[in-house]
Structures are given as structure tokens and as C-alpha cells.
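*Asks:* Take a look at the letters that make up each chain.
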Amino acid sequence: MPAKADKSDLPQGTLDLLILKVVALGPVHGYAIAQRLQQVSRDVVQVPQGSLYPALHRLENRGLLAADWNETDSGREAKFYRLTRKGRAQLGTETASWERLAQAVGLILKLSPGGAE
Amino acid sequence: MNWWNRLWRRSQLETELDKELRFHLEQHALDLQAQGFPANEARRRARLALGGPEQVKESCRDARGTRWLADFAQDFRYTLRTLSHQPGFAAVILLTLALGIGATTAMFTIINGVLLKPLQYSHPDRLVTLQEKTEQATQYGNLWAFAYPNYLDCKRDVSSLAPLAAWRGSGGTLSGSGDSEYVNAMQVSAEFFPTLDVNPVQGRAFLPEDDRLGAAPVMIISNGLWQRLYGSSRAAIGSTLQFDAKPYTVVGVLPAGFQFDSEADVFTPLGEDPSPSLQNRSRHPGIGVIARLAPGVALPQAQSELNSIGGHLAQEHPDSNAGRTFIAAPLRPDVGDIGPTLWLLLGAVSLVLLIACANVANLLLARAASREREFAMRVALGADLSRLVRQCLTESAILGLCGGALGISLAALALGPFVTLWPGSLPRAREIHLDWRVLAFALAISLLTGLLFGLAPILRIPYRALERSVHAGARFLSGNSRRLQSSFVICEIALAVVLLVSAGVLARALLRLTALNPGMNVHNVLVTRASLPPDILANPERARAAWREMLDSSRSVPGVESAAIVDTVPMREGNNQVGYSTSPAFLPASQQPLALATSVSPDYLNVMGIPLVKGRFFDEQDRVGNELVAVIDDVFAQQAFGAQDPVGHRLWFPADLSPFSSGSQTADVVRIVGVVGHVRHWGLANDDQAQVRAQFYYPFAQVPDPLVRRWSELMSIAVRTTIPPTSVLGSLRRAVRGSTGDRVLYEIRTVEQLANDSLSRQKFLLLLLGIFAGLAMLLACIGIYGLLAYLTSQRVPEIGLRMALGASARNVLGMVLRQSAQIILVGAAAGAIGAVIAARILESSVAGVRSIEPLTFAAMVALLIAAAFLASFIPARRASRVDPMTAMRQE
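Sequence order for the protein chains is F and H. For the first sequence, counting from 1, position 78 maps to 82 in our numbering; every step adds exactly one. For the second sequence, counting from 1, position 642 maps to 807 in our numbering; every step adds exactly one.
Heads up, a few of these hints could be off.
To be verified - Straight line, CA to CA, 30 Å or less: simulated BS3-like cross-link-like pairs of lysine-lysine: (1) F:K90 with H:K222; (2) F:K25 with H:K184; (3) H:K298 with H:K320.
What the hints contain is simulated information worked out from the structure, not anything from laboratory work.
Throw the hints in and build the complete structure from the sequences for me.
*Replies:* Structure follows, in C-alpha cells:
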């Protein structure tokens, strides 16, 4: 039986958010998502490719993503993911809550030593 | 794509998944090649980056949310496969379950039909029944049937109950073209069928015009009668039938299966009956009232309206209605006192089911032990425990459901014979069949039993010891499991003891009851009701003469020794309870002592074989005009006179209830002329507990003119024969028929039958409990046999070692038997406690059962212990014959 634990270094749930964001830029296939994530994060964030596909399928089953089979530029058939309306809404709320969280974490980290006013 | 699509289009999804991942790998490899890697190295790096494709696929499949179902399907196939490898094992389990579930389902089907199902009319919850209620209670209680004028006034005034209908049971001789026959009938008001929302399948219901004095007589007939008399022809409507010598026009036919109160074939309008008792507000001639709550009205509203109507009527008619009001209650099916018996049987049968469960659990446990290595191996390969638990539960659920399906078929087969075998007739028998409720019940108990016995092997999965058992080769048996298995067998034995003792207590009670003296000679006596035509009934002198004539012609029948008439036959339904006093001063009505009054002709004592203790019985001189006389039984004598000699004393009967009352307002004085033996009127079993046991007899010839008609309607003829009583029936019928052929015999019984029937409930219960107890004992024996066989087979190497060290076969035998003795004795002790409780329940719900006699108790427990020892002897013997050399080589 496969290990179910997510071995990603990303914080829990962040992978979904990143995928949604990448897909929001236009229909894209799985390999391109992996590439894009790696390039954009300048290799800082290691996206384990093995957990990418389960995440894509989960999002598809939840109705946040939709998929069609289309030809790529090189003329090969690939599964292209696009955002559904539900997915777009989800992306909005998750982005907002991520920013709130990041802001709060940032504030806490900026506390001066002993400065618990 | 929704869940269903994901489930059904699995192969498409698999292809797509494969294609998607391949695309990823190839694309990655191409990119890497572009960066300068050689083709082989590029493919290798791409695969490494993705991780194993199979693992990725598995995770993607998990994401579909259909995994558990796929697992279930896998478990399902696996279960069928493993069971088909062990057909004997599977058959034993399924059969055990089928018996347990089948018996329980059959019992529940009956309870469902008889007790739980609502009445089969539309919106039965809106139907109510009405009674009159008096402020003062007499010894008969404070609830009364309606007076017909009161019914009419209620119907006129009430608005919250509509329609409001009256009915009463009747019966009479029906003659069309063929022979006359006696039929049960009902007199109903025009509102009766609309209230129940029943429409005739042919013709029409009664109209208000039919339901009044002087209306042209019309009748509605049952579907059964329609088939019997008319072959279901439309010609029935408009034809004429003679009912009690009066021509009625048939106007309607009821739907098949219609039943109210009891089954009747003929329905006539109540309002058309000219009997004076219907016009008298102070008479209550057995009229029942039912009604349907008007739309939007609740019962309390209707009740308060009835209260105010009752108040008005009490003011208007103070002499009949003072302190009298009307109460409404929901209409419920009348099933008599059958409820406790049925629940008792369901309880007993559930015990059998529990034993079956324990047995199956044990079998599975024994098997689980041999599968320990398989489980351990699977855990080692990465199966998580919840998955194993699910697999066990799937397995037992499948067994439970298959057993349940078999059980339902068994129940369906057994129901027919069960209902026919039920002593007397089971009320609402027509409504006993498998329906969705029964199926839901069967499904529920199948799953529940599956869960119960499925839990056992799960408890058995030795979580910690798993790795060890992989290494050890699982030859050892953890003590934990042995305890679990033993405790199942202990439970089985305990439950079997409960059932055995219950059966024993019943058997003992039945033995005692059949040995009781019924107080009369029950052999060679035939009793039959007889009906006289209405023109004879109308004239008291002619009625008395007709009875004398019928008795004379009965005596002339070859084989008949003597003949008498009697109104209430012992052990048959019907009794007449009368308050009496031994002095002219009366106690208040509610405190008067009661006695059973029986009206007879002089030969009655000879016919029934009742012993005369003192004084004399009646003769031809005891007739209207001479001194009123009565003969009392020894219970009455003891109750009213103690040690005194009652003969010559007088009894006073209050005027309104006296069977001698000629309408005068003074009490009747009756002289006691004799004392006879007590007869068990209420049946062999019930008589001891009956409220009213004292009996007295009075001559039918002294019943005053105004009462002769009513009494004649109730009379039965009893004949003592010299040959088997039923063989005189044909000639008796011909002899009493009379010149016009309208004197009909019906409800024919022998007194022996009546006496037997009075114990039939006990006999039937004993039969069933006996079967259940036998089954329980068998299952418990199989249980202990299986357990010991298993335990000893596990201990073969140990036994071999002992024997090699010098233990004799006797020692080994003793060792195994000691082990089984522990289990059996603990089980029997636990069962004994349960049995005491069960016996209490039996005592309170079955007439004639006394609390446990120690002998019965000991005998039953001993029986079980002996049987269990016998069962454990076989594996013990086998163990004692172990060859030490072979046994030790096994190790």
C-alpha cells in the first residue's frame, strides 16, 4: 500500500493553492504546471512531482478544475486543466486567507526581543 | 465527473491516467535530452523525478473517492473464494444462521401482522370507538355498550365526529335455494361502511332510507358468501335471501377480505330492526359505536363535545342517563390476550438466534486462528489494520446476509403451517405475510448478527503479536483467544439452560393441568348451538315447547343416552356473571359477590357427568309458577355458607340483573335445593386464577316469559352418547330439524375437544419452546464439541509430550474433560440465574404455570450437562489416543 503521507516540503494545503494559481493563467497540462512551479519559485520550492497528479485529480473531482484532452504545440495529445467558476472563487478566498496568514506570521517574526508590548 | 461516473467508467479513467503520466515522462525526457542528456539517462531522470508511476497512480486512484468500494468488491470476491474452498464450513455457518434468522423472522412476521400493523382501513388513525361511561362503577366496570336512542342523539348533535356509525354482532339462519345454514351477521347503521371507507364491489352501500323502522329489508353480503351462493355472479344484486325467516333483498357485495370485529357473512341495517330493546334508552343491547374524526379535529376536541352532549342527555333523560357520558378512544384491532404469548416466543427464539451467533463466532474464531499467519503476512506487506477489520466485517456481513436470505425463505415456508397450527385461530391471521417491515427486520438482524459474530475474529487479530507469529509459524494459541472462545460456549450453554428450564417448567405445568379433574366426565359428550326460527322465538310457550320437542327427538337418536339444554357450556366462550346475596339486604352493587349462572334442563347433570354432592337436581316440577330453585356448586357453598349445609337456604338476586326477573322491582328469592361438584368453567388452566369461580344452576323452565326469547337465542344442546359423539351428528341434525327444516345446529364441539382446547395455548407454547430448547441444546453441544476439538488439536504436541513423559490415556482424558467441565459448569450456573427470571416471566404470562419446582429445574440442568459432557467426550477420547511419537514429530 502506498504511503499516504504528503512528503511535500510545502505547508499543508499550499500545493492546491499554487496549482490553482498556475492554472488560472490559462489552460495548461500537468507537465507544464510542474515546470512552471519550479521556474517561478526559482527552485526554492521543491514540488514533488509524484504528489502533483493526485492533487490535480483531487481538485478535478472537487469540481475546482476541469480538464480536456487537447493537442500541444508539438502536436501531442495532453490533458489540459482549466479553472472552473468554483475554482476561481476558491482561489480568491484561499489567496486572501494565505495573505492574511503570511502577514500575521511576518508581524510576529518582526517582534523585537523582549518587546512584548 | 460525479462519483458514480468515476465508479462506472473506471477503465476509461485508468487509460487516461496512464496516458497523462506517459505524456509527462516523455515530455520531461525530451526536455532533458534538449539539455544534453543522452536518451537513456534522460528517461531515467524523468522517472526518478516523478517517482514510481504505480505509486502515483495509486494516489490518484485514492483521490477518486471510490477506493472503499473497490476494496469492498475485492473483499467480496475474496470471501466467496475462501468460502468456496471450505464448502462444509460455509454450509454449517449458513445453515446455523438460516435457522436462527428464519425462526426469528417468522416470529416477527406474526407479531408484525397481529400486533404492529394498523387496521386495514384508510387512515386508521382517524377512527375512534365510543362507549358509554357511568360515574358509578358496578362489578362489571363503568363502561357500557350504547343504548340505541343515545347513539341516535349523538349522531344528530355531534359535529367533530363524522360519520358516526353503530353496529352489533348477530347471526341467524340463512336460506336461499339450498339447505339452511347458520351464518354470522352484523347489524350496522347506514354510516358504518362510509365510516370505514369501504365501498361494495357490487351494488350499493346502505342508504339512510334503509336504516329506519318499516324500511324494506335489504342486506349486504360478504364476498365469501357471494362466491359460495352465487358463484360471484352479478345476478346476486336484487335477488332475495331468507334470513331468520324474513325475506331480504341483496343490494351489495363487500370487497374480499373485509372484516370488522369478527367475520360476518350478512349485514343488515340496524335501524330497521323492530326489537323493542332498541327503542329503550335504559337498555344496552350490545351496540358498538365507531366514528371518524372530522377533518382537522383532534381526539380531545371530540371528547369535550361528547361530554357536553352527555350532559344535555343526562338532563333530558335523568332516569336513564344521569351520571352517564360518552367517551371516545382510538379504534384498535382486537387481538385478545395473545400479545404476551407472541412476545414470549419472540424472546425465546431470539435466544436461539444468540446461540447460533455464538456458534458461528466460534467457528470463525477457530478459523481466524489458522489464518493468523495470513493476517500477519499482510500487515508485514503494508496492509493497515483498519483494512483487515473491514475485510473481516465484509466477510461476516456476507455470511450474515446469505444466512438471512436463506432464513427469510425458511420463514416464508414455515409461516403457513405455523398459522394453521396455532390453537384456535390466530387473530388477524390474514394480515400475516412478509412485507417491507419484515424484510427490513430480517435485513437488520442479519447485519446485526453478522456484526456480532464478525467482531469475534477481529478481537482475535493479535495486533502486537503479529510479527512474532510470522516467525513462530503460529503454532501457539494465545490465552486471550482461548478465553474468548470459551466464553462464547459458556454463553451458549447458559442460554440453552434458560430455554431448557423454560420448556421443562411448561411441560411440568401441562402435566399437572392435564391431570386435573375438570369436574365432569368430558368423554362422549357433544354440544352444539341450535337456532330456532323467529316466529317460535317470539312466543315463550312455543319456544319452551320447541326445546322440549328437540330434546325428545335428540334422545330418540340411536347412540344418544341423554340430552339437555344449557346456555353457557363449560370451557366454551360465554358466561353469565350474576351478583347475589344470602340475605334480603343487599351490599352496594360493586361489592356484591358474583357467581356464574347457568340455565339448564333437568338432565344436564347426567349428560355432563357432574357429581351431585347433596340434595337434589331439578325435575319436571321446577317450572314457572312453582317455587324458584337453584343448585349451587361446592365452591359457591364454601364461599357463601362455609361449613353450613346450604340446602334449604335461600338466595336473593337484585331485580335488574336476576335471571328470574319478570320485570318486577323486587328482588327474586330462590331456594337452594342441592349442591353439585365444581366444574372448571374457565378451562383447565385458567379456572384456578379466575375472578368468579362460584357456580349455580337454575332451570330453564323457570326463566320468565319476557326473557325466554333472549335465553333461547343462547341455548345449546348437549347429548351424552354411547358411541363416539361425532358419529351421531348426522342423525342428530335430521332429528332436530323439525317439519319446516329451519332448526339448525351450528358450532358443534365435543366437550373433550373443549377441554383439550382450553390447554391448547400451553401445548402449543410447549411444542415451540421444546423445539427451541432442543435446537439450543444441539447448538450448545456442537459449540462445546467444536471448541474442545479445536483446543485439543492445538495441544496435540503438548499431549504427546505428556504421554511420552508417562501420562496415561486416562490422565489425558481427565485433563480434557476437566477443561470442559469448567466451561459447562460455569455456563450452567449462569444459565440457572437466567432460567429463574425466565420462569418468572412464564409464570406471569401463561396460565397454570407455577414457579420452578426444584426437581424440574435440576432435571433440565442435569440433562444439559449430560449432553454437553457427551459432546466433549469425543474430542477427549481422541486426545487420549494421540500417539506420542507422531505428535512430537509434528513440532
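*Asks:* Against which earlier hints does the structure fall short, listed by number upward?
*Replies:* none
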